[in-house]
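Here the protein sequences come in this chain order: B and P.
Residue numbering for the first sequence follows the UniProt record's numbering, beginning at 1 and increasing consecutively.
Residue numbering for the second sequence follows the UniProt record's numbering, beginning at 1 and increasing consecutively.
Just so you know, these hints were derived from the structure itself, not from any lab.
On a predicted model such as this, the values are computed, not experimentally measured, just so you know.
Lysine-lysine pairs mimicking BS3-like chemistry, simulated, CA-CA at most 30 Å apart:
1. P:Lys601 x B:Lys547
2. P:Lys283 x P:Lys369
3. B:Lys283 x P:Lys330
2 protein chains.
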Amino acid sequence: MMDYKAPLRDMRFLINEVLDYPAHYAALPNGAEATPDTVEAILEGAAVLCEQVLAPLNLSGDREGCRFENGEVTTPSGFKAAYQQFVEGGWQGLSFPEAYGGQGLPASISAFKSEMMGTANWSFAMYPGLSVGCINTIVQFGSVEQKAMYLPSLVSGEWTGTMCLTEPQCGTDLGQIQSKAEVDSDGTYRITGTKIFISAGEHDLTDNIIHVVLARVAGAPSGTRGISLFIVPKYLVSSDGAPGKRNAVTCGSIERKMGIRASATAVLNFDGATAFMIGAENKGLEAMFTFMNTARIGTAIQGVCHAEASFQRALQYASERRSMRALSGKKDPDFKADALIWHPDVRRMLLTQKAIAEGGRAMIYSVAKIADFLVNAVLDGDERKQKEQDSCLGFYTPILKGFLTEMGLEAANLGMQVYGGHGYIHEHGMEQIARDARISTLYEGTTGIQALDLLGRKVLLASKGKCVRDFTLTMVNFSKGRALRRDAIGMMARALLKRSVQWNVLTTRIMLRATKDREAVGSASVDYLMYSGFVMMAYFWALQADKASELLRTGKGRESDEFYRAKIQTAEFYFERLLPRAGAHYISATAPTSSVLGMDKAHFAFG
Amino acid sequence: MMDYKAPLRDMRFLINEVLDYPAHYAALPNGAEATPDTVEAILEGAAVLCEQVLAPLNLSGDREGCRFENGEVTTPSGFKAAYQQFVEGGWQGLSFPEAYGGQGLPASISAFKSEMMGTANWSFAMYPGLSVGCINTIVQFGSVEQKAMYLPSLVSGEWTGTMCLTEPQCGTDLGQIQSKAEVDSDGTYRITGTKIFISAGEHDLTDNIIHVVLARVAGAPSGTRGISLFIVPKYLVSSDGAPGKRNAVTCGSIERKMGIRASATAVLNFDGATAFMIGAENKGLEAMFTFMNTARIGTAIQGVCHAEASFQRALQYASERRSMRALSGKKDPDFKADALIWHPDVRRMLLTQKAIAEGGRAMIYSVAKIADFLVNAVLDGDERKQKEQDSCLGFYTPILKGFLTEMGLEAANLGMQVYGGHGYIHEHGMEQIARDARISTLYEGTTGIQALDLLGRKVLLASKGKCVRDFTLTMVNFSKGRALRRDAIGMMARALLKRSVQWNVLTTRIMLRATKDREAVGSASVDYLMYSGFVMMAYFWALQADKASELLRTGKGRESDEFYRAKIQTAEFYFERLLPRAGAHYISATAPTSSVLGMDKAHFAFG
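I would like the entire structure built from these sequences, with the hints used as guidance.
Quick look at the structure:
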């Protein structure tokens with residue numbers, strides 16, 4: 001029941017046919033090793049790990065959860081052995097520099113792997129997943145000594161890392177951080193404070209955990225400009241690289257959560273813990289933001305993961321479970337009732353899931369190319385290029401993170417719906433997917449925060465709408481040669497042309513309103529984000545359908561005709577059944593700001 | 001944190017001002033006792049029970065869950081004492097006939113009570129809630145002896161009842177039922193079979209449990225026409241009315257569920273259990289459907305309950321928690337950051353919750369009037385009137401059940417979103433609301449089933465669109481005198497006029513298509529249901545806003561001006577921000593059926 005089958009055929013279609021990764025890698029300085037054969041071997045190897053090792057631990061991991069006792073966290077049965085296999089396979093180091101023991105492959109390859117791991121077992125994937133931010137931070141800002149001391153064990157996966165930002169009084173608003181760092185005579189620091197919601201903050205998978213911590217040096221300016229970044233190892237590392245003395249950072253408890261219950265979410269108490277500053281004093285937040293775009297895309301993947309996981313199981317159930325007769329006549333006359341999949345509304349739900357999973361995958365894989373450029377720029381220390389790529393990625397990030405996690409949650413809920421009452425029962429695993437998916441719109445910046453980032457910062461402030469004009473130009477260029485076609489591609493092209501104009505009109509309307517009304521951005525932002533997501537996904541569906549149509553015509557595709565036809569059909573479904581929602585978001589985004597701001601805050605309820 | 005405050009002011013506004021229940025009760029044969037003073041006393045008494053007894057057990061009930069051991073179920077701490085208070089208060093009998101120990105008040109009064117109980121603690125409310133179906137069945141179909149034997153203890157609440165329909169192989173498709181009933185020499189039956197998902201199927205709150213069970217008499221026709229209805233008491237009742245010998249119905253296990261964890265969902269094994277037929281042989285399903293409309297409205301209330309519960313807590317949190325500064329400038333300059341409620345997107349979420357809770361309440365309370373007529377017709381044994389009222393109620397039922405539970409789930413999820421990461425943590429109770437709400441779109445007929453019932457049965461088959469024409473005529477009559485007004489009411493009236501036409505056009509389009517394409521209904525149904533829900537709720541918001549506007553003008557209202565202004569503002573929000581979604585559902589409902597049916601069932605995925 002809890003089987004997971006890596007969607008390799010869809011992945012290959014995107015990697016090789018739609019997005020032409022072979023050409024992308026060939027042009028990338030660190031892409032020479034990423035030959036089609038290597039990529040294929042990695043995909044297949046990761047699929048085996050995910051299907052055979054990680055997926056079987058997903059349901060039991062949720063049922064057992066993590067245990068907390070005397071400051072120590074025990075992960076669910078089987079996690080430790082599975083993590084060992086993960087380390088032995090060298091999976092953590094795939095895209096990290098060879099200088100630190102990694103394989104130096106492009107970052108996108110890790111995204112393919114992460115999608116499979118996250119679909120098989122999101123909670124498990126979080127342990128190595130959190131290391132990525134820690135490693136990236138040390139790679140970019142660490143001293144030569146810090147790199148030598150921490151990176152090899154982190155890159156191999158022998159140790160994991162964390163990012164310690166949130167405190168009880170603040171999550172989004174990091175300017176309110178209170179953790180204090182006092183400098184010692186030897187130049188190290190002593191950190192005191194409490195951090196909460198620290199994923200992988202404590203566990204039994206590795207001998208050491210390296211925390212990257214935001215804190216204020218005594219006397220630092222208040223607010224965001226007085227925050228520095230520190231390395232705080234659980235065990236201080238001796239000169240030979242082995243974990244030594246236990247540091248004064250302890251796990252006070254782990255949270256009882258709705259989902260991702262096999263992932264330990266720790267309260268960490270720093271009681272004068274020895275800390276090493278990383279990067280420049282008081283520049284901690286800026287450093288933290290360097291990899292925020294890539295971290296958020298890492299979370300956007302979660303939308304695809306849960307949509308895919310829920311779709312796979314719902315499809316299987318819909319094919320096997322029988323209920324009622326189809327309104328259009330018996331379909332399985334040899335049985336007492338027809339399989340669920342014959343019922344049109346069940347198909348609507350399955351196709352919605354499929355459209356979200358495969359459409360989201362196309363968005364992620366496309367944007368992963370930009371991440372390749374960005375990561376390389378960081379590794380080269382090329383600041384100009386880094387800014388360029390980061391600003392390019394920055395437009396996609398909030399759309400992917402906000403839209404795909406919202407849609408992933410919808411897909412997960414539809415999967416439960418296909419199961420009927422059985423979807424609500426633990427043993428089928430469908431409700432777990434919905435619970436696990438629920439975190440994705442909350443952490444790494446809520447949907448509301450993504451929306452403000454998109455509309456306020458990326459679209460209006462940073463580019464005055466240029467990023468939308470650029471993206472819609474891509475849509476127009478794709479569509480103009482195809483709009484007169486009398487087939488499905490023509491229909492999609494015409495819809496894209498209409499949405500290209502509309503997206504720019506929407507942006508301009510809000511921009512104009514924002515000059516007169518400072519609430520214009522905040523009261524339109526989430527609808528604007530969802531609008532953008534629906535339109536952007538439409539483009540990526542058209543792209544897939546168009547490639548499928550071309551390969552059907554030329555016969556040069558590697559997949560079967562049925563595969564390509566199903567792609568076109570799913571794209572049509574998307575345009576006819578999901579894209580129309582963009583219209584509703586358009587109307588809401590242009591509604592008067594007074595409809596959200598007119599009410600006095602004392603009048604929301606009358607007790 | 002887990003406080004619940006009964007929304008008495010909103011309830012009174014609907015009961016006394018918008019829907020004029022005093023006049024409704026005055027005209028009702030059993031309404032004489034339901035004077036405004038009595039109704040007020042009941043509301044206040046129920047509020048005390050819900051706020052002080054039931055709400056404090058909600059979070060702990062979820063954490064503890066029900067325990068199953070040796071065939072027995074232990075409810076969470078405090079449930080037994082609370083249930084005792086419920087029984088002592090005579091709350092179960094409010095609307096049941098005085099002949100059986102009830103108070104004989106109109107059914108709607110129980111709906112007001114049920115809303116409060118369900119909001120305070122849905123899991124608890126399910127124990128007495130499930131009795132209602134059992135009692136109604138015995139009232140309508142029981143013999144004089146059966147009524148005398150079971151009803152007094154059920155009506156007092158000393159016993160509870162269940163409805164045993166679902167079996168492992170079938171839920172919706174009851175024609176597949178396999179449980180067998182064999183007649184004994186004394187005219188009683190022996191039932192053998194397994195029933196699953198039996199809410200309140202086993203528990204420790206009462207001395208006896210009366211199961212109403214669907215089963216097949218040996219030799220009965222196959223399918224739906226061979227199913228009969230039986231009473232199977234947990235303890236056989238002796239002639240003095242006391243529970244006697246243990247019957248052969250045992251609880252095999254209880255389900256591990258996503259939510260409503262304090263409500264025991266039992267697997268019941270009938271091993272030749274002594275059973276008493278109720279109603280006519282092979283007419284069990286028809287009997288079961290008599291009260292289906294009222295039962296489904298009982299579940300529709302759940303949407304309102306979870307929206308209200310989540311809204312109350314989210315509002316409190318948004319007023320207290322501080323994060324960031326408002327984009328339009330500092331709002332709480334004495335603090336480090338502004339309260340969440342100053343941020344427009346947080347307001348959008350709160351207003352969405354409020355619009356769903358109060359709009360849904362208006363829909364339920366309005367339709368509860370029809371339930372009053374229906375229940376009275378049943379009690380009078382007036383079949384013609386009963387059919388008339390049932391068919392009237394039947395149009396509203398799937399809309400209320402389907403639409404309000406979907407929207408209640410959305411509201412519950414928005415409440416988590418207001419809390420940010422804290423929404424995901426058990427102790428705040430927000431994730432519990434979302435988990436509890438999740439069952440509501442699944443049981444008592446999934447949203448998909450409601451949609452088929454609405455579009456296929458109620459709108460097309462039974463009335464050829466007349467029920468839509470009737471309802472939209474009400475909308476038109478309301479709107480036509482108001483459409484020229486230059487205020488908010490005028491805007492709403494014009495929107496309603498437009499939607500009146502559109503709803504009929506949509507219905508006609510699908511009706512025409514259905515004559516040629518038998519998949520037309522199934523592939524449009526859920527979008528049609530959601531469309532209907534959004535438009536119907538718009539009417540009920542306009543009704544509230546109009547009454548508020550009138551009372552503001554005349555000064556004759558019992559509430560404050562602020563209360564009435566907030567009503568109008570919430571209605572405006574609904575029309576500007578939520579109603580536009582109807583447009584997207586319209587487009588999807590009219591999309592070609594090929595977009596869901598074109599794909600071969602083998603091509604949904606390529607492993």
